[in-house]
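Colleague: Sequence:
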Amino acid sequence: MLNVMRKPKGISLKRVVLLLIILLLTINGLRLVFTNSFLAEKPKHVTISKNIKVNRTQNLRTKITKQICQKYGLDKDNNFKSLKASKRLKTVIVDDKHKILFCYLPKVASGNWKKIFLVLKGEFQDVNDIEPTVAHKEDLLKTLGNSTFEEIRKKIKTYESYVVVREPMSRLLSAYLNKIYYDYTGKFHRLFGEKITKYSGRIIGDRKVQNKISFAEFVEFLTKAPAKEAFEIHWERMHKLCNPCLINYTLIGRYENLLEDAQVIIESIVRKTSILFPTYTSVQDTSSLMESYFSQITERQLERLLSLYELDYLLFDYPKPVHLFKIVKKERNEELN
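My numbering puts the first residue of the sequence shown at 45, with every later residue one more than the last.
Treat the hints with care, since some could be wrong.
What the hints assert, rightly or not - With a straight-line cut-off of 20 Å between C-alpha atoms, the simulated EDC-like cross-links for lysine to aspartate or glutamate are:
1) K231 x E182
2) K134 x E182
3) K201 x D140
It is worth saying that the hints were derived from the structure and are not from the lab.
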């Protein structure tokens with residue numbers, strides 16, 4: 045009788061253990077499914093939120109550009125014919141395969157953008173395989189500059205278009221440092237050295253300017269010389285090169301938010317792509333140098349300089365750099381004491 049009672053107890057214990065194991069496995073399984081499901085949904089939520097923010101930012105930028113164009117009458121059709129005549133459309137890359145126009149601006153990571161479009165064109169597989177000197181070869185990428193008037197008009201109206209801009213004074217200083225100051229024995233110094241010093245009053249004994257051109261001399265040249273003599277593509281006004289009142293840009297990126305805006309543009313062109321914008325850029329970050337160089341110029345020079353670049357500030361919604369006036373006034377007061 046006792047043996048009969050013990051047997052059921054043994055069987056019951058095994059069942060209890062088995063049930064506990066099954067229960068634990070079930071709980072862990074459900075936890076794993078729930079966790080994976082949550083993690084899978086999270087990036088989607090983040091992506092949607094990010095896209096909404098990007099769209100709002102881009103809509104605001106393009107809206108402001110249109111408003112300024114209308115306010116100053118820069119969007120009229122009679123200006124359209126001057127677009128071809130200006131011969132400045134050579135900075136607008138044409139990608140017929142993707143039906144894209146992209147205006148690259150010197151001193152706004154233009155070399156890296158050319159690399160991106162060389163990969164999109166199929167000339168290279170990876171942006172990192174392209175040497176800077178190769179990227180800047182003019183015959184590798186098609187531009188609006190060598191298109192007929194009718195082609196220009198049609199593509200401006202039917203193609204998606206993109207541009208990345210930069211705070212005007214930061215871009216100007218970058219151009220000065222790269223092309224004039226550090227290149228004091230090179231091509232740009234030979235081309236502009238004597239022209240610049242002519243306006244600053246410096247006497248040059250030799251044909252070549254031996255000493256470095258100061259930022260104050262460069263600014264004096266820009267603000268006094270005729271526009272045709274003073275401006276060169278690296279420091280030309282952005283609106284003159286990219287014509288935002290005649291080309292209705294789909295997206296306007298900013299150098300100050302380069303990597304994020306660049307990737308948005310790339311993914312707008314090619315929905316599913318492994319192309320990444322190069323994290324390295326040769327364009328110098330001049331934000332830390334602004335005070336040092338702009339303190340060298342007078343208040344009047346700064347006023348004239350900002351007047352030259354006024355439309356760039358308005359069209360691309362950059363705030364007027366009032367802090368530069370404080371730098372100039374401080375330096376002048378110290379000199380008077």
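Colleague: List in ascending order the numbers of the hints, as given earlier, that are violated by the structure.
Modeller: Per hint list: zero violations.
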